[in-house]
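Engineer: Below, each chain spelled out in residue letters.
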Amino acid sequence: MSKPLKIIVLLVVVGLYSSISLANSSQADGELQFSAEKLMRFAKRVEKVAADNGARVIIIPRLGRPRSKLPRGFEYTHTGIGVYSLITTESGETVPGYRIHNLYQSNEQSDRSTTVDDFPFDFYAGVYELKTAVLIPKPELQQKLLKLIQSGDHLQLHNANYSAISNPYNTKYQNCNEYVLDIINAAVYGTTDIAKLKQTSETYFDAQPVVVGPLKMMFASIFSPSIKVSDQSEDIITTSYTSIKDYLYKYDLVDKEIIINAQP
Amino acid sequence: MFNIKKLFIIGVLLFTGLSSAHAGAASENASKASKHSVNAVAHSAAASAQVVASVVAVPLIAVGSIGEVSKAAGNDLMKTAQTPIGTPLPISDKTVTVGPAPNEAIKRGNDNE
Numbered sequence: 001m002s003k004p005l006k007i008i009v010l011l012v013v014v015g016l017y018s019s020i021s022l023a024n025s026s027q028a029d030g031e032l033q034f035s036a037e038k039l040m041r042f043a044k045r046v047e048k049v050a051a052d053n054g055a056r057v058i059i060i061p062r063l064g065r066p067r068s069k070l071p072r073g074f075e076y077t078h079t080g081i082g083v084y085s086l087i088t089t090e091s092g093e094t095v096p097g098y099r100i101h102n103l104y105q106s107n108e109q110s111d112r113s114t115t116v117d118d119f120p121f122d123f124y125a126g127v128y129e130l131k132t133a134v135l136i137p138k139p140e141l142q143q144k145l146l147k148l149i150q151s152g153d154h155l156q157l158h159n160a161n162y163s164a165i166s167n168p169y170n171t172k173y174q175n176c177n178e179y180v181l182d183i184i185n186a187a188v189y190g191t192t193d194i195a196k197l198k199q200t201s202e203t204y205f206d207a208q209p210v211v212v213g214p215l216k217m218m219f220a221s222i223f224s225p226s227i228k229v230s231d232q233s234e235d236i237i238t239t240s241y242t243s244i245k246d247y248l249y250k251y252d253l254v255d256k257e258i259i260i261n262a263q264p
Numbered sequence: 001m002f003n004i005k006k007l008f009i010i011g012v013l014l015f016t017g018l019s020s021a022h023a024g025a026a027s028e029n030a031s032k033a034s035k036h037s038v039n040a041v042a043h044s045a046a047a048s049a050q051v052v053a054s055v056v057a058v059p060l061i062a063v064g065s066i067g068e069v070s071k072a073a074g075n076d077l078m079k080t081a082q083t084p085i086g087t088p089l090p091i092s093d094k095t096v097t098v099g100p101a102p103n104e105a106i107k108r109g110n111d112n113e
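Residue numbers (this note's numbering), protein chains in the order written: chain A, 1 to 264; chain B, 1 to 113.
If you are wondering where the hints come from, they were derived from the structure by calculation, not from laboratory data. Certain hints may be false.
Here are the simulated SDA-like cross-link-like pairs (lysine to any residue), alpha carbons at most 20 angstroms apart as the crow flies [claimed, not checked]:
hint	chain 1	residue 1	chain 2	residue 2
1	B	Lys-94	A	Ser-91
2	B	Lys-79	A	Gln-143
3	B	Lys-94	A	Val-95
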């Protein structure tokens, strides 16, 4: 086989392999993986675990795509912040429960995002595993997060320019996990000055490396509008639930983490 | 001599492989709102009796600290709002979901006219 042919064969193999492992990225338009009843029970269990522990604020992740599709080192795909709230329903009834604050990728434009508040049932509706964590911050951090979210100032931290692998050390793009990290740091440091918060992240927060081959990354960034690499340096880094958890543990800001696993 | 036919076939395969990559992402957060799925669930007969839609939600925390509980809160919930963090909290057995999208809400409004 000639040298050019070998190179092309290699590219084909890499390209095809990339397409297999990169496919099926979003839960938004897919079929539910579990019945309504199972999802309702699971979501309610999460709420009850958090409430039994007296948590006013929780940090919760979910797995929104098959685990086999996750890059190495990632446990979950999305993170939100739950706040114990008084919820008024359409019928005028008031009930206590958790309201989840999220950044979601836009359904219409995949390189844009919006902030969305939903509830545990909505949050877990499209999951691929009935497994999550309830990360309960220390009471001091819960108080500060409540204060920030109650004021609405956390919305100032939203950057609508979305990249699924956004670099948490700069402000060019933001993903759901980075939004949670920015909210946490804004609460801890009492500022919404994003430049200061990014400096803080670079100093104290260990970002999650994205271990993906350079060719695969190149193809993904060419063909997927939600994958940007212009905010990255040599190594691709981003924010994940795991890296947020490790950060909070490292600086003694976690009360406890409870894993809830209802997988068959 | 390089075989042009092989090159063409390989090129087609390569293009096919790369095009497929459009559907995914290396570290996609799969973080879109699952609006359509949830609506479908909420409308299912089995679920509807236990599912209630939210209109407003405010942090349930005591007046005078960092927020204000809605006046709609009953006495028990007012007491809950004043308990220190770490005290077990009540949770409704009902499943709350986000309210209907504007296009659904407007239809409901017309129905009531």
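Engineer: Look at each hint and say if it fits the structure.
Structural biologist: Hint check:
no., hint, result
1, B/Lys-94 with A/Ser-91, "13 angstroms, holds"
2, B/Lys-79 with A/Gln-143, "18 angstroms, holds"
3, B/Lys-94 with A/Val-95, "8 angstroms, holds"
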